[in-house]
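Colleague: Okay, here's what each chain looks like letter by letter:
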Amino acid sequence: MRRVAIIGGGHTDFVFNSPKSGMELLAEASMDAITQSNLKPKDIQAIYCGNVLGDFSEGQGMIQSYLADDIGCFNVPASRFEGACASATMAIRDAYMWVASGYYDIVLACGTEKATAMGTALATRTFAMFSDGRYEYPCGISFPGIFAMLTHLYSSRYNIPLKKLKEILALVSVQSHIYGAKNPHAQFKKEITVEQVLRGFMVSSPLQLLDCCPFSDGAAALVLASEDVAKKLTNKPVYFAGVGQASSGKLSAQYKYLPRLRAREVAVKQSYDMSGLGPKDIDVCELHDCFSIASLIAAESLGFAEFGKSGELWEKGETKIGGKIPINISGGLKSKGHPIGATGASQVHDIVRQLRGELVDEGRQVEGAKIGMVDTLGGDGVIVNLILKVD
Amino acid sequence: MATAMEYKLTHKAYFDALKKNRLLGLKCKGCATITCPPKMTCQECTGTDLEVAELSGKGKIVTFTTSNVAPLGREVEAPYTIVLVELEEGPWIMGNLIDIDPSKVGMELMGRKVKLGFKVFPGDLYSAGEGVRPLFSFADDIH
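Order-wise, the sequence lines are chains B and D. The numbering of the first sequence is the numbering used here, which starts it at 1 and goes up by one. The numbering of the second sequence is the numbering used here, which starts it at 1 and goes up by one.
Hints listed in this document are in silico derivations from the structure and should not be mistaken for laboratory results. Some clues are possibly wrong.
The calculated lysine to aspartate or glutamate pairs, modelled on DMTMM-like cross-linking and capped at a C-alpha distance of 20 Å, are [stated by the list, open to error]:
| hint | chain 1 | residue 1 | chain 2 | residue 2 |
| --- | --- | --- | --- | --- |
| 1 | B | K163 | D | D124 |
| 2 | B | K189 | D | E86 |
| 3 | B | K256 | D | E75 |
| 4 | D | K113 | D | D140 |
| 5 | B | K164 | D | E108 |
| 6 | B | K320 | B | D281 |
| 7 | B | K256 | D | D140 |
| 8 | B | K320 | B | E306 |
| 9 | B | K316 | B | E306 |
| 10 | B | K20 | D | E89 |
Build out the structure end to end from the sequences listed, making use of the hints.
Modeller: Written out as structure tokens, the structure is:
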């Protein structure tokens with residue numbers, strides 16, 4: 001396997017009710033990625049695209065094929081990846097493998113979503129498709145519902161009174177908004193307070209409105225190239241150091257591990273083993289904070305804290321710039337937004353910019369960051385982890 | 001022509017039993033683990049030598065939530081309480097909790113003993129027909 005680099009990226013604004021179509025968002029992000037890589041569409045040999053609910057939101061399937069045509073990558077093989085919210089990260093991992101194997105030299109990996117076009121009721125229905133449709137959906141389970149149940153379980157398993165846990169979770173959302181306010185692409189560019197979080201509408205107890213990420217529209221894209229090609233095209237290649245992916249069964253079938261998500265522990269170990277790196281080596285991390293509790297659960301599985309103790313990271317400010325492990329300096333899914341098919345590409349895009357040192361002007365730069373972790377969760381159990389680094 | 005390997009307990013058979021207040025699972029002849037709801041293989045050892053077993057339908061609440069936001073077509077159901085129940089035989093299953101005011105549930109639910117009932121979910125555009133959900137009620141006398 002040869003080394004593979006990300007050489008350019010593109011990222012639309014993440015918004016509610018975008019006037020653009022999912023294709024327009026995707027094509028704009030993709031062309032930015034190709035142009036920034038000093039390439040033309042004809043140089044792209046294959047496309048790997050995350051898109052989850054285009055069928056429901058716009059009546060559009062196989063958008064990856066039309067993207068190829070739209071941007072002038074005529075007739076290249078184009079594949080769509082569906083792993084709920086982890087779709088784009090899955091696409092990027094596969095793109096990496098095809099280049100690492102030597103089959104392709106230059107590929108595009110991207111993702112798009114136009115979730116807000118569905119409205120809240122249909123969006124809630126379709127997002128619930130990423131739980132077990134036969135045995136669990138009849139109970140009315142929703143995405144907030146899954147993480148709400150994990151919150152109560154976390155409180156009980158680790159003996160943290162719910163009131164105390166809720167205050168910690170509020171800090172997670174507050175921090176996301178601090179950085180989202182500095183991110184020009186973010187859906188919510190304003191800071192919030194603990195009091196506002198604790199006053200919010202109860203979506204699914206105990207999770208309130210500001211514990212939850214929004215529905216979003218947006219796209220992001222990256223160009224991947226083999227090391228030799230990358231070095232000719234950019235002086236700032238960001239290399240893949242390790243990748244991992246794992247799956248899991250329906251929520252109830254995970255009973256031996258909950259509130260831990262076993263798949264994440266499997267996936268992140270693959271990425272650590274492959275890279276020869278460990279949690280202490282990670283300078284900056286974008287993790288899957290679809291709900292405030294999800295950040296705590298993720299941080300523990302990634303090895304940044306003991307199980308049941310990750311709340312202390314946020315309480316002590318260790319997750320901010322200058323802290324032990326800066327997390328979600330993009331604003332995270334909570335504040336930046338969560339267009340599910342694009343989210344993984346967005347996370348990677350932000351880590352790439354961190355490692356290139358491009359975020360000074362936005363006031364979001366983790367100084368000297370050389371190694372970054374991406375963590376994306378789909379549904380109740382598809383996990384992809386990527387470790388990226390600069391030489 | 002049927003496949004060589006068939007489900008010992010299909011969703012149809014599982015739901016039909018649930019509609020008669022009977023909870024079925026699969027007992028592994030290799031390791032004795034109970035798998036419920038049904039799968040092709042044993043949850044523990046992946047064995048396929050499974051037999052249908054009738055479960056007690058009794059268990060305890062291990063976690064819960066009251067949802068105030070319902071998916072399309074189910075708005076009239078909200079608020080409703082969803083629980084994960086650890087069955088006496090080991091596995092956890094998801095269901096709804098009745099006999100309570102959904103807006104008033106709290107951590108005191110954790111560990112409460114419950115017993116099984118059922119309610120039919122008539123299905124929607126995306127569900128390929130109806131489903132049957134476990135509907136739990138309290139089996140202990142704490143009030």
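Colleague: For each hint, tell me whether it holds in the structure or not.
Modeller: Status of each hint after checking the structure:
Only pairs whose Cα atoms come within 20 Å are accepted, and B:K163 paired with D:D124 is rejected, the gap being roughly 37 Å. Among the hinted pairs, B:K189 with D:E86 is inconsistent with the structure: their alpha-carbon atoms are about 43 Å apart, more than 20 Å. The hinted pair formed by B:K256 and D:E75 fails the criterion: a straight-line CA distance of about 33 Å is larger than 20 Å. Under the criterion of a C-alpha separation no larger than 20 Å, the hint pairing D:K113 with D:D140 is consistent with the structure, at around 6 Å.
With a CA separation close to 16 Å, the supplied pair B:K164 and D:E108 stays within the 20 Å bound. Of the pairs offered as hints, the one joining B:K320 and B:D281 holds, with about 16 Å between alpha carbons and a cut-off of 20 Å not exceeded. As the CA atoms of B:K256 and D:D140 are separated by approximately 25 Å, the hinted pair breaks the 20 Å bound. Taking the CA atoms of B:K320 and B:E306, the gap is near 19 Å; set against the 20 Å cutoff, the hint holds.
Taken as a hint, the B:K316 and B:E306 pair is honoured in the structure, with Cα atoms around 15 Å apart against an allowance of 20 Å. Only pairs whose Cα atoms come within 20 Å are accepted, and B:K20 paired with D:E89 is rejected, the gap being roughly 53 Å.
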